[in-house]
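Visitor: Chain by chain, the residues run as shown.
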Amino acid sequence: MTTKNDVIVSLKDIFVQFDGEVILNHIDLDIKDKEFLTILGPSGCGKTTTLRIIGGFLEPEQGTVTFEGKKINGLPPYKRNVNTVFQKYSLFPHLNVFDNIAFGMKIKKVPKDEIKRRVKEMLAIVDLKGYEKRSVSKLSGGQQQRVAIARALVCDPKVLLLDEPLGALDLKLRKNMQWELKQIQQKTNTAFVYVTHDQEEALTMSDTVVVMNNGVIEQIGTPTDVYNEPVNAFVADFIGDANIINGTMLDDCRVRILGEELECVDKGFGQNMPIDVVIRPEDIEVVKPEEAVLKGEVTEVVFKGVHYEITVMCKGCEWIIHSTEGAKVGDKIGMKIIPFNIQIMNKMFLAEKNTFYADVVSADKEANTITVHVEDSEFEIEGQYFEPETKLAITLPPSALSIAGDGVGHLDDVYIESVIFKGEHNEIILESDKQKWLMQSDVDEQVATYVPLKFDFTKAEFRVMEGENET
Amino acid sequence: MRLKRPSIPYIIWMAVFTFIPIALILYSAFTDSSGGFTLEPFTKAFGYFDVFLRSLWIAFISTLICLVLAYPIGYIMSRQKKSTQNILTMVIMIPMWMNFLLRIYAWITLLQSGGPIDTMLSLLGIHTTLIGNQGAVILGMVYEYLPFMVLPLYSVMAKIDNNLIEAAEDLGSNRLSVMRKVVFPLSIPGIVSGVTMVFVPSASTFLVAQYLGGVDDIMIGDVIDRIFWSDQNTGAAIALILMAAIFLFLIILNFFGDEEAIA
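If you're matching them up, the sequences are chains A and B in order. In case it helps, the numbering used here puts the first sequence at residues 316 to 786. In case it helps, the numbering used here puts the second sequence at residues 415 to 677.
Mixed in with the good hints, there may be bad ones.
In silico lysine-lysine, DSS-like type, Cα no more than 27 angstroms apart, as pairs [to be verified]:
no., chain 1, residue 1, chain 2, residue 2
1, A, K424, B, K595
2, B, K595, A, K453
3, A, K403, B, K495
4, B, K595, A, K448
5, B, K496, A, K423
6, B, K573, A, K403
7, A, K444, A, K502
8, B, K458, A, K394
9, A, K403, B, K595
10, A, K427, B, K496
11, A, K347, A, K490
12, A, K453, B, K573
13, B, K595, A, K435
14, A, K403, B, K496
15, A, K421, B, K595
16, A, K473, B, K495
17, A, K421, B, K496
18, A, K431, B, K595
19, A, K444, B, K595
20, A, K448, B, K573
Partial chain B-side listing against chain A, Cβ under 10 angstroms, derived [what the hints assert, rightly or not]:
no., residue
21, L578
22, D584
23, V592
24, L600
25, D636
For the record, the hints were derived by calculation from the structure and aren't laboratory data. Ideal Cβ placement from N, Cα and C applies to all residues, glycine included.
Next up, chain B with everything else stripped away, as it sits in the complex:
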């Protein structure tokens, strides 16, 4: 096969920003600080197995909540007039224009003891800690990544021809079975891309858990962040394992998507 000239910039791009960094991570993960081959980084990495599982679990729950919230939002948006659709897309996007850290700080202010939500709950007689637990981490994640679920769902659903919905109603479907038999199967590509766009970054995210979670709630992203400066090799090994896990997840997901789309 002959390489086509226009693909050269792309190959250079891929080499500089994808293949070389991955090669460097691979190299680090299999060497010790002096540069000799060792599997020690991986044995050390397995010390963080519980953090690893927790990260995947939190990412899974966050993705699920995002999906449940985003699905009706996306559907309702897709059935509006074109002008209304544009305004609603805007509204979904606006929070994303603000800095990520700033939004997390906003949640700290809202959730901290003596903060507005806590005060309100106290007045109702509910005394609880809102921050420093897994729930707060999941809340932060859902808030952070919800737009990434809504937008792909909305764009797939907007393409569903209204005539198909009318045809289903015509054939005897009530609203529920229209959703179940027509809208849902046709929206699967949107679900797949939404889940990918939320699960992947939330599994590897950092800072959210550090700020909103307790000491025991740190996630694998935070571990990498902390460990990389002192022990680059172990950091690289963890990153590699995370990459492999995400890759596996994507394969499974795509398999699902294709199967459903054909059936």
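Next comes chain A alone, as it looks inside the complex:
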């Protein structure tokens, strides 16, 4: 007998790249028997690729896939006891509902009576009794979806893979199907691996949530864990609303944000460490200004049905509060946060400034300009003079970086890894060929896109590297 804690599928050190672009960067993942596991992440994070590896449609370049303890690398999809519900349903248009569902059993030469019985049972589970003879092209999106689920589940897989199966449905149907999927999963006692970019779906249905970004797993945990104790700003920002603020960990249980010292419950981050602080909007209590350390002025109040969404400016930083009691714009309020609700996270990008190395290719003393070579690009810097062939270390603050609106940047095709609103500005982490960059911006940039990056060299510090020449 298998118990709920038995690992059924295990991915170890999986690495995948297409055309030199890393899709999965050495990920490890265990899927337990009978659990509802959701892989959550923005588009392009590698979640569908992970699913295709489990299904056998894609072979990883490195790493092992094990199924019930046996290595199954190289095993074709039809030999795996895993079934998939595809994103666009992929029902066979030339077959009716019955034949679609019976497809897998007919291949396995299951006796006719049993096929009939099991299709009927399955149709009852997915709530499509009496639909056997219908043509699949005449079904609605939600019905097609349920046929696709029935077709996969009737094969009695150990693991059912679902690739954003609700993506094409409208909101109301999606809510219904979320509930139904969870019911089906519990009725059939099958492990579900569900891929989605919708955090709400992930939180409602899952036993385990796996948050992915840029080819790596950021966090694995129960929905409560990832919501209440996100490991970093990306997870906090991706799941639910959050106030994410730069802070400094002074000592165990003492944190400083916006110049104020607060008590918290986290330990072990060291002394005077720059960290990220996350505070959920519902964890902030609106009190009189004199009753709280953090004070601010209400700038916006929106009624959201269940609660009011109150925006507060506090020392140049924007805070969101969810409260059942409203407030008036212009009110001076205090924001009371109990220590338990102040969540401390390691910074995703440790350095506060960007340092990179450049080779001076040519220099013009009269015009006071130099041309430098960085990564694969060459560009001119005005107002500086260094001898050709000097090696420079250039340091730029996050505010000196920008995305070239005209498309002409100093570095081309820089990947936006994450965009997180930190109260005052967006903090954007970018990745070029050789390094990561931290940028400050007031514009909402699109994650997982490639952009031209531009530098403002008037804010730069230049340092000549001596005796450190590359050999």
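Starting from the known structure of chain A, arrange chain B on it as the hints suggest.
Guide: Same frame as chain A, now just chain B:
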């Protein structure tokens, strides 16, 4: 029902190029040289019954060979990258840019005794006549009409979503049963149009048999070609019978296509 103005050019076109010629053929087939009604052209036409059957037989075999060759070609083409697909389509089309007669002459040169293929076979100790028989006629026909089979098959197969193939594999199908249970049923419209496009012209073709076949291998197209100048009425009667036979064949084929597509 009121005629819509834009359909007028189409009606004129159909009248000039379809209905009037058919009416003229009908008239010729039922009259003698002086213009009086007679069934004599049909009695004469039945004298060529064996040629008629042979033509349908050769057309049938050629179509079958085309289908067997074109099916894997079309499938492989349809599973390539888009750019590769375009290049392969081009490669299939290029021979069609060359004149039809020229291609037949090329086969004569290749197949004749003392030609390259014959010489090579002789070296291997195989002595046989490659030209002037039914086999050569079928070879010529297959060569001539293969692109007409490949292209419709390819275009139907290219529309089969790769996800359907993956779904079938996911449900336990190996490559063979993916072909049998998914690709084949979904490619039936392509088979129907390919078979139509090969069978119809090859049943009525001429010259191929005259050049590549022997004296006994002439086809009904050649008979019409030869007889029409001397006896227009009999020629018209044969043409009419051929038309009727092809029409019947198309009806049967379409019936098949529809049945399969629904089931």
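Visitor: Identify every previously stated hint that the structure contradicts and give their numbers, smallest first.
Guide: 5, 8, 10, 16, 17 and 25
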